[in-house]
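Enquirer: Residue numbers (my numbering), protein chains in the order written: chain A, 18 to 350; chain B, 18 to 350; chain C, 104 to 459; chain D, 104 to 459.
Derived from the structure by calculation, the hints contain no laboratory data.
Positions of the beta carbon are idealized from the N, C-alpha and C atoms, including for glycine.
Where hints are given, some of them may not hold.
These stretches of chain C come out as covered by chain A in the derived footprint (C-beta under 8 Å, 3 or more residues) [unchecked claim]:
{"no.": "1", "segment": "241-250"}
{"no.": "2", "segment": "264-275"}
{"no.": "3", "segment": "354-362"}
{"no.": "4", "segment": "378-391"}
With the C-beta cut set under 8 Å, the calculated list includes, among others, these residues of chain B facing chain A [as the list claims (entries may be wrong)]:
{"no.": "5", "residue": "M121"}
{"no.": "6", "residue": "G124"}
{"no.": "7", "residue": "A144"}
{"no.": "8", "residue": "G285"}
{"no.": "9", "residue": "V295"}
{"no.": "10", "residue": "R304"}
{"no.": "11", "residue": "Y327"}
Pairwise CB distance ranges (calculated) [what the hints assert, rightly or not]:
{"no.": "12", "chain 1": "C", "residue 1": "G392", "chain 2": "B", "residue 2": "T36", "range": "34 to 40 Å"}
{"no.": "13", "chain 1": "A", "residue 1": "S326", "chain 2": "D", "residue 2": "Q440", "range": "19 to 25 Å"}
{"no.": "14", "chain 1": "D", "residue 1": "A437", "chain 2": "B", "residue 2": "R269", "range": "41 to 47 Å"}
{"no.": "15", "chain 1": "D", "residue 1": "E384", "chain 2": "A", "residue 2": "G139", "range": "48 to 54 Å"}
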Amino acid sequence: MAVRSYGVAIRDGFEHLMTEHREVFTIGQGLWSPWYVGSTMTDLEKQFGKARVIDTPVSELATTGAALGAALCGYRPIVIHPRVDFMLLAVDQIVTQAAKWRYMFGGDVNVPLTVRAIINRGGEQGAQHSQSLHAWFAHIPGLRVVMPATARDARDLLIASALCDDPVLYIDDRWLYGVEEEIGSPVELDLRLEGPRLVREGAELTLVGAGHSAWLCTEAARSLAENGVSCDVIDVRVLNPFDARLIVDSVRRTGRLLAVDGDWTTCGFAGEVIASVVEALPPGALRASPRRLTLPEAPAPTSAPLERSYYTNVADVVTAARQLVGVPGDSWE
Amino acid sequence: MAVRSYGVAIRDGFEHLMTEHREVFTIGQGLWSPWYVGSTMTDLEKQFGKARVIDTPVSELATTGAALGAALCGYRPIVIHPRVDFMLLAVDQIVTQAAKWRYMFGGDVNVPLTVRAIINRGGEQGAQHSQSLHAWFAHIPGLRVVMPATARDARDLLIASALCDDPVLYIDDRWLYGVEEEIGSPVELDLRLEGPRLVREGAELTLVGAGHSAWLCTEAARSLAENGVSCDVIDVRVLNPFDARLIVDSVRRTGRLLAVDGDWTTCGFAGEVIASVVEALPPGALRASPRRLTLPEAPAPTSAPLERSYYTNVADVVTAARQLVGVPGDSWE
Amino acid sequence: MVARTSPRYDAADTDLGALADPARFHESLTLPLEDRGWLTGALRTMMLARACEERIGDMVTSGKIRCPCHLAIGQEAAAVGVARPLRASDRVFGAHRSHAHYIALGGSVRKLMAEVLGRDTGASRGMGGSMHLIDREHGLHGTVPIVGATIPIAVGAALAAKMDGRGDVAVSFFGDGATEEGGFHESMNLAAALKVPVLFVAENNMFSSHLHISLRQPHASVARYAVAHDVPAWRVDGNDVVAVAAAACEAVARMRVEPGPAFIEAVTYRWRGHVGARDDEDVGVSRGGDLPAWRQRDPVRRLFEALVAVGDADTGLLGRLEAELKAEVEAAWAQAQGDPFPAPDALLARVYGGAR
Amino acid sequence: MVARTSPRYDAADTDLGALADPARFHESLTLPLEDRGWLTGALRTMMLARACEERIGDMVTSGKIRCPCHLAIGQEAAAVGVARPLRASDRVFGAHRSHAHYIALGGSVRKLMAEVLGRDTGASRGMGGSMHLIDREHGLHGTVPIVGATIPIAVGAALAAKMDGRGDVAVSFFGDGATEEGGFHESMNLAAALKVPVLFVAENNMFSSHLHISLRQPHASVARYAVAHDVPAWRVDGNDVVAVAAAACEAVARMRVEPGPAFIEAVTYRWRGHVGARDDEDVGVSRGGDLPAWRQRDPVRRLFEALVAVGDADTGLLGRLEAELKAEVEAAWAQAQGDPFPAPDALLARVYGGAR
Ligand SMILES: Cc1ncc(C[n+]2csc(CCOP(=O)(O)OP(=O)(O)O)c2C)c(N)n1
Ligand SMILES: Cc1ncc(C[n+]2csc(CCOP(=O)(O)OP(=O)(O)O)c2C)c(N)n1
Ligand SMILES: [Mg+2]
Ligand SMILES: [Mg+2]
């Protein structure tokens with residue numbers, strides 16, 4: 018057991034993969050850069066050589082397509098997009114090629130491609146350097162979508178993604194790079210068996226989130242508990258294929274659901290959580306109307322005060338939870 | 018009043034726009050082609066000249082960006098993508114540029130760009146020639162998304178889109194081109210005032226859909242009525258910004274909701290309809306769990322029998338509706 | 104660089120010159136002294152591809168085939184010539200017009216027919232139809248209809264081949280229209296930067312759907328892009344299977360020993376319309392009246408006459424082969440029609456991988 | 104084509120030759136006989152851009168500015184030279200490194216400072232920061248940080264200008280890295296096909312973030328792409344404001360009368376790091392030790408010395424201007440710091456358009 022930050026744990030995942038699996042290599046922008054990918058790939062090119070840690074021209078589409086091509090020929094490439102925003106230039110390769118390749122060729126072709134995209138927001142970067150859009154990709158059959166919320170998952174789900182024979186979009190979040198956890202040595206999970214996890218048990222409310230939103234839920238649940246509100250917290254982990262059963266069972270017990278998502282509302286993942294739950298539960302199973310806590314329906318602003326109010330924080334989750342369970346404000350001191 | 022097919026009505030919309038508004042022009046692939054865009058633009062280039070009806074190289078991204086650039090300089094371009102699938106190569110220009118342009122430059126810049134995308138599926142075309150993905154675009158603040166279901170809307174919402182000062186994604190569906198309606202002369206609507214429309218009133222169930230799905234709902238409601246099940250049918254028309262109030266009010270009355278959508282389930286538009294409704298209604302307002310009828314979680318197959326079972330038809334809607342209202346099967350002959 | 108047996112075309116030329124003149128190159132081919140044995144086989148393969156596509160065209164017209172079919176009739180020499188130096192461990196990718204690529208690499212006619220009929224016995228098990236063909240056994244790793252989509256994928260296959268270190272190469276077949284997609288340029292630069300063994304094969308038939316290249320690009324020759332991206336290029340008469348094969352052999356031989364990209368522009372013409380069996384003039388697309396002349400630049404006839412001239416074929420061969428191949432295709436078609444469709448569970452069972 | 108006053112560089116050359124040699128072109132500029140009046144203004148504008156960016160750099164270091172700032176210190180001549188033939192009705196677009204473009208076109212220093220501070224009085228009303236600048240009054244229609252994104256947008260602005268028929272042109276500023284985006288090539292071809300008056304200005308500083316162009320492209324000169332796309336191209340010393348202006352004047356003059364694209368490759372170098380005030384060597388990016396030599400190719404000093412040589416400036420001018428501009432920037436900064444942030448309702452009120 019050792020204390021690992023989320024960022025360093027990602028690097029541990031790369032190190033494990035490239036040491037144990039010769040067919041794994043990484044390609045993308047900024048892999049030889051001191052700042053592009055934070056602490057998550059530091060000196061990998063020195064350790065494994067620039068032939069397996071490939072920095073590229075500013076060509077998202079070709080780089081992603083090339084990784085797909087290598088995946089079709091016996092390798093397990095991990096293509097890196099330092100921002101989700103940049104990856105949008107390559108959606109054709111991810112969504113129309115990789116995700117459909119096995120199917121349109123009869124089901125027998127393995128597509129062990131991992132696309133790693135980094136959510137990198139805040140810091141007054143503005144509208145074009147802030148998007149997450151995980152809902153877009155969770156919408157696509159054939160594409161597995163993973164969002165780790167803890168250091169262990171950051172490492173082990175990266176490993177599971179690379180070892181999976183289907184294309185996987187692995188999305189990590191810079192806001193989590195500093196979060197630490199005590200973890201053991203790397204484990205090779207079978208991604209097809211992974212799904213949402215109950216990370217905290219409670220009785221009055223079910224809090225659901227993925228990635229950084231799962232972290233917000235956990236933090237909020239802690240402070241809610243101190244104020245006598247006990248919550249189930251579910252870390253979604255795998256957004257597609259989405260298995261809602263654990264969430265449904267939880268809401269059946271708590272009767273209340275708050276879905277937190279650091280993305281936009283309309284057709285977003287929080288709405289999917291709510292829809293999946295109410296479809297599965299009989300009418301009358303809820304004690305309160307389910308609620309989602311998401312971004313305002315606006316692009317990301319730059320101006321500091323606007324940016325502060327734009328993003329959801331732990332206090333916002335606590336407030337929303339409190340309203341849902343109907344705890345009056347004054348009982349909160 | 019004249020009987021117009023949906024396809025020809027779109028052409029009427031172009032004709033009105035280009036006759037009445039000198040700043041309107043169209044650009045995209047296949048505009049001089051006899052087959053690309055069906056009956057919707059026939060001979061427009063002969064009528065208005067190839068300087069205003071511009072066919073292009075196979076360059077979706079540059080063509081879309083160019084239309085945006087013209088929109089920023091006093092024109093009202095309509096860029097055509099003969100298939101949603103091709104448009105994916107241009108999502109950066111639509112989602113990261115056009116949709117955010119006004120906002121990131123302070124709110125005062127008009128972006129009167131219309132992107133017209135055609136849903137063109139079936140006919141054993143397969144996985145790469147079948148996507149709709151309207152949920153993706155409805156997810157983006159700053160981008161208005163319109164899906165006409167009738168000939169009148171096909172024409173008048175196209176006109177409203179072109180005359181709107183915000184970027185609009187207008188999605189029409191080839192499966193509707195033959196649907197006829199008796200309509201008057203073109204009307205210039207203010208898109209900002211348009212939204213979902215109640216196209217049929219009933220008591221037991223609320224059917225909701227957009228574009229071709231709205232047509233399915235209307236057809237199904239007719240046959241359901243013949244069998245004693247009366248439904249509200251709501252044609253969504255404008256998916257973003259999404260105004261769910263009409264749907265919420267309907268479900269408050271009927272207590273039952275079936276959302277039909279010709280797209281995938283996870284993070285799709287049907288889920289958004291359900292989430293918006295249950296968020297707004299008090300617990301216990303529903304008489305049955307809401308339900309969505311969407312595509313199977315698979316890319317589009319080509320093989321005829323698989324393709325037949327892949328797409329939703331009127332009978333599927335009727336069956337799902339019947340189950341929701343709990344009408345036993347045998348009472349149906 | 105130029106292919107040995109064809110007139111010298113400088114890849115840097117921005118226009119096609121004589122190659123674009125349909126009145127030229129009707130004469131029979133000049134055959135190389137070596138490598139003659141292969142040519143009779145090449146004739147047969149080109150004729151087989153054509154027989155398949157003529158059959159498919161008829162069945163599209165009759166309505167028996169419903170998936171969109173893009174026929175390469177008239178362009179067979181590009182596919183067959185490029186296939187000359189290839190081996191099963193190479194990785195070939197195509198696009199929407201790839202029946203000839205599939206046949207040139209040795210694909211089964213029965214599986215092709217079954218695929219366009221959506222049968223479980225098809226090349227893609229009935230999941231892809233004409234626009235999605237695969238035959239990994241013979242090195243065909245996939246053809247898809249999103250224009251330009253397989254170009255970067257082929258670059259990655261070449262990267263894999265380079266990492267394997269066994270001298271395999273990747274090949275990307277695409278058309279002149281695909282050179283207008285940004286991904287094509289990104290791919291050329293990436294291949295040059297990574298020095299991977301990918302052969303870009305542009306079949307320049309001067310049309311993208313209904314539009315002649317003069318309406319889409321300032322110049323008619325696309326090899327000029329290879330020059331800009333520092334990729335060695337050959338421009339050849341794409342209806343001269345000997346010229347295409349010579350360029351391919353030269354390019355591939357070098358790539359196998361010294362990994363790096365290469366480019367072949369094969370100037371050709373499609374006899375049929377963009378999609379389906381018609382010729383498009385029926386629906387008002389002007390082909391400048393060039394079609395009849397282009398039919399005279401027939402890659403099959405030109406090779407056949409050359410073989411007769413050097414005594415490698417008798418005058419009756421063409422007719423005998425035609426009859427034989429027609430029968431072969433007919434038999435495959437008949438079998439395919441009896442083949443089963445994918446089972447209903449294929450709809451959901453083929454999306455994700457099975458147990459590891 | 105070549106710019107009049109600079110040595111003849113053939114745009115078809117694939118490498119930069121002397122232009123890439125930091126030891127060259129340190130001497131003062133050769134001034135044209137005509138158009139001298141403009142040069143003193145050009146000196147002042149280049150120095151103003153630099154003064155603004157030095158201030159911004161300091162404030163980034165001090166933490167007073169938090170948005171990412173990409174400084175163009177050392178590259179001022181490209182912006183100021185290209186601005187020479189432009190008028191307010193032209194449409195200019197930039198990218199992430201566009202402070203100098205904004206100043207060169209006449210943008211307000213106060214609004215620039217307010218923008219990087221996120222104030223409602225900023226160029227983009229505090230909604231964009233350093234990477235999103237607009238000043239339509241002076242012809243700047245937008246700068247954004249998605250690499251290559253404004254290139255096709257500029258092509259469309261040029262299409263609009265052509266439709267307007269008033270001889271206006273569009274200008275797209277971008278870097279060498281942007282030429283690796285497919286959209287750049289699509290845009291060049293589209294501009295050539297539509298014959299629209301867009302001037303593509305590639306500021307080739309030989310770096311994309313941490314990577315030298317030799318690690319990204321087979322050749323160092325990007326003008327070769329213009330040749331492939333049949334776009335008339337000039338390659339100039341980007342630190343020679345006279346050479347840049349000459350090329351721009353020639354290109355724009357032609358475009359105004361006869362719509363069509365043109366391309367200028369301005370070879371230059373950035374003195375600071377990719378982002379922020381540091382030089383990147385501090386974080387381990389090797390710049391090959393070229394930085395000190397490149398500082399000697401200072402576009403400001405070279406113009407100043409030339410002006411002194413011909414008697415258009417006295418030796419004290421540089422110091423006086425420096426002090427004056429420093430004070431101007433300081434004042435603007437002070438005012439901007441007192442400016443209000445956007446009101447809370449701006450968060451949602453600026454997404455869609457208001458009443459028609
Ligand atoms: C990304 C994309 N854009 C547009 C199309 C429509 N389309 C299908 S084939 C084709 C023509 C391509 O021309 P070319 O590459 O020369 O191939 P050819 O048909 O001549 O063999 C086009 C534009 C498509 N399939 N994909
Ligand atoms: C589409 C996209 N990919 C990657 C990036 C990250 N990025 C920001 S600036 C930059 C370098 C661009 O280099 P160049 O175009 O030469 O401009 P310069 O920084 O030299 O002025 C990169 C890669 C981005 N912003 N957008
Ligand atoms: Mg073609
Ligand atoms: Mg640069």
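Enquirer: Okay, which hints does this one fail, numbers in order?
Expert: 3, 4, 6, 11, 14 and 15
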